[in-house]
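Engineer: Letter by letter, the chains look like this.
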Amino acid sequence: MIWLSTRWKIAIMVIPTLLFFTLFVVYPVGYSAYYSLTDFIGFGTPAFVGLANYATLFSDPLFWRSLLNTVVVLVISVVVIIPASFALALLMRRPFRGARMLRALVFAPGIIAPILVGLIWVFILDPKIGLVNQLLTHAGVSSPPIWIGGPTLGPVSIALVFIWSTVGFAMTIFYAGLQLLPGDVIEASSLDGATPFQQTWAITVPMMRETFAITAVLVTTNVFKIFELVYQLTGGGPIHKSETLVSYMYYVTFTSQQYGPGMAFAVIITVLGAIVSVGYLALLRERKDVVA
Amino acid sequence: MYNAAHASLWKRRLVGVSVLVTSLALLAGCSTGTGSSGSTTITLSMQQTDVKKGDPTTWAIVQAFEKKYPNIKVTVTGQPVAQHNQAIDVAAQSNTLPTMFWLFSADTGKKLNKAGALLDLNPILKDEGLTSSFNKTVLDSFSDGGKQFGVPYQALLTGFYVNKKILADNGLTQPVTFDDLVAVSKALSAKGITTIANGASQSSFSVWAFLTCLDRFGYDDVIKDILAGKASYSNPDFLKFYEALAELQKAGAFSSNVATQTYNQAVDDFANGKAAFLDSGVWASGQLQSSPVGKDTGFWVGPQFSNGVGEQKIVMNVVGAPLAVSASVKKGSPEYAAVEKFIGFYYGDAGQQIFADNGQPPVTTFAPKIASSNTVFQSVLDAAKGLAVPLAQPDQYLSTASQNVMYDSIYGVIEGQLSPQDAVDMVQKSIAANK
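Same order as they appear, the protein sequences are chains A and B.
My numbering puts the first sequence at residues 19 to 310.
My numbering puts the second sequence at residues 82 to 516.
Derived by calculation from the structure, the hints in this document are not laboratory data.
Since the structure is predicted, the reported quantities are computational estimates derived from the model, not experimental observations.
Among the hints, erroneous ones may be present.
Unchecked claim - Below, computed lysine-lysine pairings styled on DSBU-like, alpha-carbon distance capped at 30 Å:
no., chain 1, residue 1, chain 2, residue 2
1, B, K376, A, K146
2, B, K245, A, K146
3, A, K146, B, K267
4, B, K134, A, K146
5, B, K207, B, K228
6, B, K267, B, K355
7, B, K272, A, K146
8, A, K146, B, K331
9, B, K195, B, K311
10, B, K355, A, K146
11, A, K146, B, K246
12, B, K191, B, K154
13, B, K422, B, K191
14, B, K228, B, K422
Claimed, not checked - Cβ pair distances, simulated, as ranges:
no., chain 1, residue 1, chain 2, residue 2, range
15, A, T155, B, K305, 45 to 53 Å
16, A, P169, B, L472, 32 to 40 Å
17, A, G48, B, G413, 36 to 44 Å
18, B, K154, A, L137, 29 to 37 Å
19, B, V257, A, A126, 51 to 59 Å
20, A, G62, B, K411, 19 to 27 Å
21, A, P169, B, G391, 34 to 42 Å
22, B, D463, A, L123, 54 to 62 Å
23, A, P169, B, K305, 34 to 42 Å
24, B, N345, A, L41, 35 to 43 Å
25, A, L123, B, S270, 39 to 47 Å
Glycine included, each C-beta is placed from N, C-alpha and C at the ideal position.
Let the sequences and hints guide you as you build the complete structure.
Structural biologist: Here is the structure:
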């Protein structure tokens, strides 16, 4: 018998993943952090400028606008996706004809590339040629809303399209979690006279706490990564009023060739994403400890 | 008897050999340089995803060049402008620039030149006898520190394409002044017809005709002082330009989806008879000639302003972006010889005639023959004849960051998102921050 639980064997097995993680996660973050302190233009030798790039970003009103838009998308997405996908998972758990096909249909938007999702929805939400406004105009609405390309509804539309493309994926996670719940606990509660709502609220939801946490973190990190959707759906416009953090970072870094501020932006996004995700997990652990 | 360990060993060997063979095959297909048959391959990276459709001039030149020099293969690649710019920056950082490539602006070229990434083209121009084929100002635009880092890609002759049929069908004539344009806009807007086709999404630079309007408010006279900090972009004359834009916006001149529409969609709208004017340049003449509106399309250099500054009868007819060559192309190498021949062909009489055949004016002093069927291109040349020409397009004086802010300032007013004062202030702020 070969024992694998010795320290050096464990280390050997972990090293490949550690190398991969260092090369593709730690190194790029460190690289970005270094160049965020310089006047790098994408090539050549940069000069050290300290925190000037961060000061430039914090004094840029469009940075704050992109942060606000990201928060709007995050709040709408989390508030809608978590309960909606959980409800869908509960529904899909019931045995009915066509359940499997319905699960696949709900999941389908999740496998479409985000850039294509954006392209599809342009033809639905465009204020002039979009399907929605054409239907509204036919229905007699004289001034249909400007879903995209206007000053206010851009982030909301981005959130709705993100929800459409993500809810199926989240539903799959909840569905898998529901499948793993012990059936005898539910059965026992039925014998005790618990209603379906009471079973869901008092038994299923608490037992699915970890799944809720994982889904919330995944949705949060995916919101922070939104780029192709914004790029194709609104182009960040009008004049950057619908930019999210990553799409505006792309504009600063590659379109305006300001790599120093762009890298500073990347560092800020990394820190913000980590704070929100870790913070949420810590809060959940605190509640778990209190309950225990 | 079946031996599982033996079968496993042979399976691993088979996988390893397959990976090795595949890797070698991929590596063999991926390189520039001289092949075993003595042919040389060079790469040309452009700012169009489909170079054959989007840049027929360059495509035709490459085909003709390869026919003339069968031992030289030009691999043409292309991406949209933003991705192309990003790819060039990354390639410059990693010393993997293509052999030849389009650059967004002279400003980018100067930065790459300072970083030592570009080849000095003076020896090539001299060896090919091309130095005197250009106007001096043309070559000066793309030289820095005594080095010729770029050569002109194509001419930047911009303005408005005009659908004369739409105007005639609505009892209107082609405008001359800005007030005429406002009147036309109000008349067309009342009938639900788009006056000026523009697209801001992913193409914020597509405001060529309006950039020329800045020159009708004295831009050329003051920009050097502005850049030196002795004057401000936020001045009464430029404010008048943006106020004129706001007046056009209120007159309904622009499509309601200008913010979500791309430049290519705007071209499609015009080409399908859905807009009376298209803000574009001579590069679109070929595409429009073969469109349903080809026979009805004319060209207009843009409005004259009664409250403008300086000469109003001007046309933007300058050199645009440069083509550059990677510094990794070493003198004496087969790639250098191939590049030399390509540049010689591109700027020679044969190459410049191909320009004219595809609706582009030559960038040298060559006088081409223009086919009588090329009515759109001829209308562009006719409209530009005899008019004064600014030194450069207004954005070409600025850094890349400030260029983008300038485009945003114009589209911001067009989209009704910025007041004229906010527009001039934001450009001034960017110029001051990006000296």
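Engineer: So, for every hint listed, does it hold in this structure?
Structural biologist: Results for each hint:
no. : hint                          : in the structure
1   : K376(B) - K146(A)             : holds, 28 Å
2   : K245(B) - K146(A)             : holds, 24 Å
3   : K146(A) - K267(B)             : holds, 19 Å
4   : K134(B) - K146(A)             : holds, 27 Å
5   : K207(B) - K228(B)             : holds, 13 Å
6   : K267(B) - K355(B)             : holds, 16 Å
7   : K272(B) - K146(A)             : holds, 15 Å
8   : K146(A) - K331(B)             : holds, 17 Å
9   : K195(B) - K311(B)             : holds, 27 Å
10  : K355(B) - K146(A)             : holds, 13 Å
11  : K146(A) - K246(B)             : holds, 24 Å
12  : K191(B) - K154(B)             : holds, 29 Å
13  : K422(B) - K191(B)             : holds, 24 Å
14  : K228(B) - K422(B)             : holds, 20 Å
15  : T155(A) - K305(B): 45 to 53 Å : holds, 50 Å
16  : P169(A) - L472(B): 32 to 40 Å : holds, 37 Å
17  : G48(A) - G413(B): 36 to 44 Å  : holds, 41 Å
18  : K154(B) - L137(A): 29 to 37 Å : holds, 34 Å
19  : V257(B) - A126(A): 51 to 59 Å : holds, 56 Å
20  : G62(A) - K411(B): 19 to 27 Å  : holds, 21 Å
21  : P169(A) - G391(B): 34 to 42 Å : holds, 35 Å
22  : D463(B) - L123(A): 54 to 62 Å : holds, 58 Å
23  : P169(A) - K305(B): 34 to 42 Å : holds, 36 Å
24  : N345(B) - L41(A): 35 to 43 Å  : holds, 39 Å
25  : L123(A) - S270(B): 39 to 47 Å : holds, 43 Å
When each numbered hint is compared with the structure, no violation occurs for any of them.
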